[in-house]
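Residues per chain are reported as follows:
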Amino acid sequence: LAGRLIIVDDDAEARTLARKILEGGGMDVEEAAGSQEFFALLERTGDPDVVVLDLTMPGPSGWTVLNKLRTDAARARLPVVIVTSHDDVEFKAAAKKAGVKHYLTKPYQPWQLLDAVRSSGLPPTSDPWARRR
Amino acid sequence: LGTPPLGREVSRGFIALLGVCVVGIVDALTGRWLSFGIFYLIPIAWFVWHGTRRGGIVLSIVSAVTWYAVDARFNRYPSPLYPIWNASVRFGFFLLVALLLARVRTQLERERGQNNELARLNQALDDYATHVAHDLRSPIANVVMAVGMLRSDRAGDATDMLEIIDKSAARALQLIEDLLELAKTSATPQREWVDLTEAARSAAEGIDDVDVCTEGALHSVFADPVIMRQCFTNLFRNAVTYARKDGLRAEVTVSCEERPDGWVISVGDRGPGLDPDEQQVVFEPFVRGGNGDSHGTGLGLAIVAAAAAAHGGRAWYEPRVGGGSMFRILIAKSPVSI
Numbered sequence: 196l197a198g199r200l201i202i203v204d205d206d207a208e209a210r211t212l213a214r215k216i217l218e219g220g221g222m223d224v225e226e227a228a229g230s231q232e233f234f235a236l237l238e239r240t241g242d243p244d245v246v247v248l249d250l251t252m253p254g255p256s257g258w259t260v261l262n263k264l265r266t267d268a269a270r271a272r273l274p275v276v277i278v279t280s281h282d283d284v285e286f287k288a289a290a291k292k293a294g295v296k297h298y299l300t301k302p303y304q305p306w307q308l309l310d311a312v313r314s315s316g317l318p319p320t321s322d323p324w325a326r327r328r
Numbered sequence: 344l345g346t347p348p349l350g351r352e353v354s355r356g357f358i359a360l361l362g363v364c365v366v367g368i369v370d371a372l373t374g375r376w377l378s379f380g381i382f383y384l385i386p387i388a389w390f391v392w393h394g395t396r397r398g399g400i401v402l403s404i405v406s407a408v409t410w411y412a413v414d415a416r417f418n419r420y421p422s423p424l425y426p427i428w429n430a431s432v433r434f435g436f437f438l439l440v441a442l443l444l445a446r447v448r449t450q451l452e453r454e455r456g457q458n459n460e461l462a463r464l465n466q467a468l469d470d471y472a473t474h475v476a477h478d479l480r481s482p483i484a485n486v487v488m489a490v491g492m493l494r495s496d497r498a499g500d501a502t503d504m505l506e507i508i509d510k511s512a513a514r515a516l517q518l519i520e521d522l523l524e525l526a527k528t529s530a531t532p533q534r535e536w537v538d539l540t541e542a543a544r545s546a547a548e549g550i551d552d553v554d555v556c557t558e559g560a561l562h563s564v565f566a567d568p569v570i571m572r573q574c575f576t577n578l579f580r581n582a583v584t585y586a587r588k589d590g591l592r593a594e595v596t597v598s599c600e601e602r603p604d605g606w607v608i609s610v611g612d613r614g615p616g617l618d619p620d621e622q623q624v625v626f627e628p629f630v631r632g633g634n635g636d637s638h639g640t641g642l643g644l645a646i647v648a649a650a651a652a653a654h655g656g657r658a659w660y661e662p663r664v665g666g667g668s669m670f671r672i673l674i675a676k677s678p679v680s681i
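Each protein sequence line maps, in turn, to chains A and B.
Start counting at 1 in the first sequence, then tack on 195, and there's your number in the working numbering.
Start counting at 1 in the second sequence, then tack on 343, and there's your number in the working numbering.
A portion of the hints provided could be inaccurate.
[Claimed, not checked] Reference listing, derived: stretches of chain A covered by chain B, where coverage requires no fewer than 3 residues with Cβ under 8 Å from a Cβ of chain B:
{"id": "1", "region": "263-272"}
{"id": "2", "region": "298-312"}
[To be verified] FRET-style restraints, in silico, Cβ to Cβ:
{"id": "3", "chain 1": "B", "residue 1": "P615", "chain 2": "A", "residue 2": "L236", "range": "17 to 25 Å"}
{"id": "4", "chain 1": "B", "residue 1": "H474", "chain 2": "A", "residue 2": "D267", "range": "25 to 33 Å"}
{"id": "5", "chain 1": "A", "residue 1": "K291", "chain 2": "B", "residue 2": "H393", "range": "44 to 52 Å"}
{"id": "6", "chain 1": "B", "residue 1": "R494", "chain 2": "A", "residue 2": "L236", "range": "28 to 36 Å"}
{"id": "7", "chain 1": "A", "residue 1": "F234", "chain 2": "B", "residue 2": "E627", "range": "40 to 48 Å"}
{"id": "8", "chain 1": "B", "residue 1": "L349", "chain 2": "A", "residue 2": "D282", "range": "48 to 56 Å"}
{"id": "9", "chain 1": "A", "residue 1": "D267", "chain 2": "B", "residue 2": "S677", "range": "50 to 58 Å"}
{"id": "10", "chain 1": "B", "residue 1": "E627", "chain 2": "A", "residue 2": "Q231", "range": "46 to 54 Å"}
{"id": "11", "chain 1": "B", "residue 1": "R602", "chain 2": "A", "residue 2": "D283", "range": "40 to 48 Å"}
{"id": "12", "chain 1": "A", "residue 1": "L236", "chain 2": "B", "residue 2": "S495", "range": "27 to 35 Å"}
{"id": "13", "chain 1": "B", "residue 1": "A513", "chain 2": "A", "residue 2": "N262", "range": "29 to 37 Å"}
[Unchecked claim] One-sided and incomplete, this derived list gives chain A residues near chain B with beta-carbon spacing under 7 Å:
{"id": "14", "residue": "T211"}
{"id": "15", "residue": "V224"}
{"id": "16", "residue": "P253"}
{"id": "17", "residue": "S280"}
If you're looking for bench data, these hints aren't it; they were derived computationally from the structure.
Quick reminder that beta carbons are idealized off the backbone N, C-alpha and C, glycines included.
Just chain A, with the same shape it has in the complex (with noise of 0.2 Å):
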């Protein structure tokens, strides 16, 4: 069984690689281009495994998606992957305090998304993403 993602990134073209790699992982992906649009996309098909947030966005911003969902009792521990262009630390530190494990700053590789999604929860599926490590 594959795993669901959403991705929430104002900006489509980030949209569109993210969900390029996370396909070639076979997964199955659904994009989200605000907080609104997610929250909306929520309602309509469920919870994802896992959900790749970017951090900066018009209107409510990523770190609001993330308050809500952990101040939601049923959402707190759904699994986050930062996605974002803020090399910076005191986010990454932000954000580990509210329970992120994976913070990805762009442009990052492919099999560093396919991993952080993957140790987010994920089923193994098969990689056709060869490691350069």
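Based on these hints, arrange chain B on the given structure of chain A.
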């Protein structure tokens, strides 16, 4: 700068006067052989430092008179003019100290104000640089990743990756152009009489998906023609980004009202309008609305605000009657145009 409210000035003045009286009484009680002149400076200096200059002058007079009263009680002079002369010299001394101290205080306060302003500007510059770095990093990261995927031969259809490279590079370029535009707009405008109808028409020609209609006759305004056109371009683009219903063209109205102090140019749309918290920050750089379906640089309205400021005016937002947004710019009449 640093002037206390009148009530506090009066109450401190009383405390300082009390101080002068205490020094006067001690001066009188200790007799003619001990000089206490310098101690009068304590209440004077205290008041000037925490109160006002004029209070310092009043206290100098009061101190000189007190000292004169004490002096006249203990010393007999061949002529009454001697103690008056001595008191005047004392007064000059008190006054000099009070004025110098007031000057030092003002100078220090001014420097502190300048330092605070510098620190604020420095912080703003840091924030600006952080924003630019982040906003440039995103599209360039897309390009780097798309190229990496093309190289790895696992991207599948190359068209998608090329499209990402194309769009992201265009976005980075647009950001750089807007940054340059923002810097240029803040410079002194080269004013001439600008036909607003023409400026709006020419701006609209450069943008797809916008219909512009003018409300009433548009005045000519005395302003920088390039900047005016840029303002229209940005406001129209803003309407296309945020006020366009799916697939339809954005409709904007342009109007201009002449006031004694300048011209108010208004650009209205029938989009969803702005939330109250968005209204506060919409003209700040790098602020993007949450409702947009395309990716702006977040600099368009900041350029409009900078243009208005460069013309001695300002830009502001109002909810439009009947729904939508109304962006207004005040262009102040320059002294030469009156």
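Hints the structure fails to honour = 1, 7, 10, 15
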